[in-house]
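Enquirer: Sequence:
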Amino acid sequence: MFHFIALSVAVLMLFVARFYSPRHAARVGWGIAFLVPTWLALSVGAADVTVRCVVALMAVAVVVVKPRQFVFAGFSWIDLLPVVIVMTAAISTTLNDHFSPTVILSLLAQWMFPYMLARLILVQDQDAIDFVPLAATVALLLAGAMIFESVADYNLFNTLLGHEGSSQGDSGHRLGLKRAEAWFGHPIYAGLVLALASPWVFTQAYQSFWGRGSKFWLVGPVILAMGTVATLSRGPCMVLGGVILGLVWYYFPPIRLFSLFACVLVIATSIVMLPTILKMADSIENQDGIREIKIEDETYTYSGTRHRYLLFTVYKKPLSQVGWIGYGNWGTLPQHEAMLEPHLRGLFLSVDNHYLLHYLNTGVVGSIAFLLLPIGVFMAFLRQHTMLTQPTEFLTVALLSSVMATTVVIITVWMAEPYSFAFLFNAGCIVGLLVSARRSTPMVARKARRLQTVRPQPASTTNQDTSF
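Per numbering that gives the first Met the number 0, the sequence shown starts with residue 0, numbered consecutively.
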């Protein structure tokens with residue numbers, strides 16, 4: 000199955016590149032990769048080669064087919080950060096005696112390929128205008144599939160492909176509904192992918208509101224929100240809320256002071272009422288998963304929610320010995336397991352905190368390298384957002400909001416490949432749009448444009464249609 004799909008995608012991308020352009024081929028490949036199960040992969044040593052890897056590699060290859068039709072707008076210093084992340088992880092892996100070519104391939108597939116694909120797809124503003132309808136359509140297809148799965152209590156894709164779904168998706172019902180996971184192998188992963196795709200849907204809806212597309216897209220955000228909620232996972236809903244909050248913050252300055260006050264109030268209330276909040280979170284979980292456990296002779300209540308903050312207690316010893324380069328790949332050596340109490344090894348095998356896991360894997364150096372990526376993207380936006388024009392300004396703000404919201408949510412989940420692809424792709428899109436704006440527009444000082452702008456004129460029938 001994998002060989003057939005991968006070969007078909009490669010041939011299709013070469014065909015599109017030959018008769019259209021490399022960027023068209025990359026867009027088509029992205030759309031297919033988004034709809035192909037992430038668990039459909041070819042194991043090569045330590046690496047799982049997915050269809051997404053094939054798409055990213057082919058996106059580079061098709062540039063060679065018609066190099067004159069591909070004009071790169073330029074580089075940003077942020078383009079170096081995925082390289083640095085891969086290098087720090089590779090050094091840590093090598094020094095911990097885990098080096099192999101397939102390990103490097105695995106690191107490239109997770110940290111480099113998605114970002115690189117985004118930079119090849121979005122080179123100029125027109126690329127974003129052309130790409131939004133495709134991306135929004137694919138996102139709504141995923142949302143519709145997840146709504147159906149949750150309501151019907153049936154994963155059609157797993158059944159057709161003979162794949163066994165995750166325990167959370169198959170039996171982890173909440174509020175009487177199935178937790179939808181579509182073809183991503185876990186409800187949280189599916190929800191985060193959909194939430195990270197929300198900027199494309201919001202942008203398409205925004206354009207439709209101003210007469211640049213079918214009115215159907217006005218209900219797109221509602222469908223997407225329903226699909227996100229269908230996972231019954233808090234993290235994806237937080238990312239989606241973060242995108243909405245980011246857009247409101249940017250385009251409605253009067254609300255900023257109020258939102259700051261609200262955030263401080265929520266944080267303070269959460270700290271004070273943490274025990275009550277944890278009990279409320281436990282109440283919607285499967286009660287069979289709640290139990291009492293002992294950590295260093297002290298008794299703690301364990302649940303899926305409490306798992307996250309108990310990690311720091313369980314991993315106290317490993318964390319104290321991480322050092323500058325980390326353990327290479329946590330959990331792959333006998334000494335890693337020996338650092339945990341025997342009765343806790345199975346329960347806490349999953350390190351549901353990306354920062355904690357990345358710190359264990361790559362140490363201080365690797366953690367700094369990763370943190371520089373969202374910080375760098377945010378700082379670049381602050382410096383260059385005045386050069387953006389509509390509709391790419393709206394899209395860039397939404398993409399940035401999704402990335403920043405995800406950097407908060409990954410405190411509660413490790414960065415698995417299914418949604419790390421979308422996270423890094425969004426980061427690459429932001430950088431691509433900022434570089435394009437910098438090259439085409441002189442910097443002007445202005446405030447954020449309000450959403451109540453002048454209604455765009457319908458595209459002329461005699462000119463090329465550049466509408467969404």
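Hints are supplied without guarantee of correctness; some may be wrong.
[Claimed, not checked] The calculated DMTMM-like cross-link candidates involving lysine to aspartate or glutamate, where the alpha carbons are at most 20 Å apart (straight line), are:
(1) K316 - E295
(2) K316 - E297
(3) K315 - E297
(4) K315 - E336
Treat the hints as calculated values from the structure; they're not laboratory data. Treat the numbers as computed from the prediction; the structure is a model and nothing was measured.
Enquirer: Each hint should be assessed against the structure and marked as holding or not.
Expert: Comparing the hints with the structure gives:
1. K316 - E295: It holds: about 11 Å lies between the C-alpha atoms, which stays within 20 Å.
2. K316 - E297: Satisfied, since the Cα-Cα distance of roughly 16 Å is no more than 20 Å.
3. K315 - E297: 14 Å, holds
4. K315 - E336: 13 Å, holds
In this structure, none of the earlier numbered hints is contradicted; all agree with it.
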